[in-house]
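Make a model of the complete structure from these sequences and hints.
First residue of the sequence shown: 784, per my numbering; consecutive thereafter.
No lab work stands behind these hints, which were simulated from the structure alone.
Hints are not guaranteed to be accurate.
Said to hold, decoys possible - Taking lysine to any residue and the SDA-like style, the derived pairs with C-alpha atoms no more than 20 Å apart in a straight line are:
1. Lys-797 with Phe-786
2. Lys-912 with Asn-785
3. Lys-856 with Tyr-841
4. Lys-912 with Pro-809
5. Lys-801 with Glu-834
6. Lys-801 with Thr-860
7. Lys-825 with Glu-868
8. Lys-825 with Phe-886
9. Lys-801 with Asp-838
Claimed, not checked - Just the calculated beta-carbon pair ranges, DEER-fashion:
10. Asp-893 with Lys-858: 33 to 43 Å
11. Asn-785 with Gly-857: 15 to 25 Å
12. Arg-853 with Ser-807: 30 to 40 Å
13. Met-831 with Glu-790: 31 to 41 Å
Built from N, CA and C at the ideal position, the CB exists for glycine as well.
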Amino acid sequence: MNFVDTEHQTNFEKLVQKFNLAKSSPDYKSVCYIAAHPEIFKCFKLEMQQESPFDWYYEYLDDPDTFQERCDKGKTTGSIHSLNESMVALIELALSLWTGRGFDLSHGIDVWIEELYEVAVQAIQLRRKSSKVQYLDQQEQLKLI
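This is the structure:
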């Protein structure tokens, strides 16, 4: 697995420890991988996330008009304040990989710098490693024997 730096890897390990499903679920692993990116990880309080590393972002999506006000009052579990367009696109990819939420991949490709593009590709590869794909890979290997 490729990480942008050691902080990304450390953050990923913390997320996997918190969300044990990431050890066995490709969709959880991919969402944790993206959430571990240092620019995203600093936006939320890990200990306050319950269902996923993006509970805080769902709080934003539920009511974007009042989110910043709620954030300023300490009533949210994270903040979107420091996120730029390319990071938001990466988060939207994570939600798509995890829940099937709609995502405009062409927009992501347009706004991601090379580092973020590589993070996106790695997350897609992690998500793709479903049991069905692994089963098909095993079947192909057996044919070669």
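Verification of the supplied hints:
1. Lys-797 with Phe-786: holds (14 Å)
2. Lys-912 with Asn-785: Holds, because 15 Å separates the two Cα atoms, which is no more than 20 Å.
3. Lys-856 with Tyr-841: holds (18 Å)
4. Lys-912 with Pro-809: holds (6 Å)
5. Lys-801 with Glu-834: holds (10 Å)
6. Lys-801 with Thr-860: At roughly 15 Å apart (the allowed maximum being 20 Å), Thr-860 and Lys-801 satisfy the hint.
7. Lys-825 with Glu-868: Given that 20 Å is the threshold and the Cα spacing comes to 16 Å, the pair holds.
8. Lys-825 with Phe-886: Distance ~23 Å between Lys-825 and Phe-886 Cα, so the pair is violated.
9. Lys-801 with Asp-838: holds (13 Å)
10. Asp-893 with Lys-858: 33 to 43 Å: Distance hint for Asp-893, Lys-858 holds at roughly 34 Å.
11. Asn-785 with Gly-857: 15 to 25 Å: The hint (15 to 25 Å, Cβ to Cβ) is violated, given that Asn-785 and Gly-857 are roughly 36 Å apart.
12. Arg-853 with Ser-807: 30 to 40 Å: holds (34 Å)
13. Met-831 with Glu-790: 31 to 41 Å: violated (20 Å)
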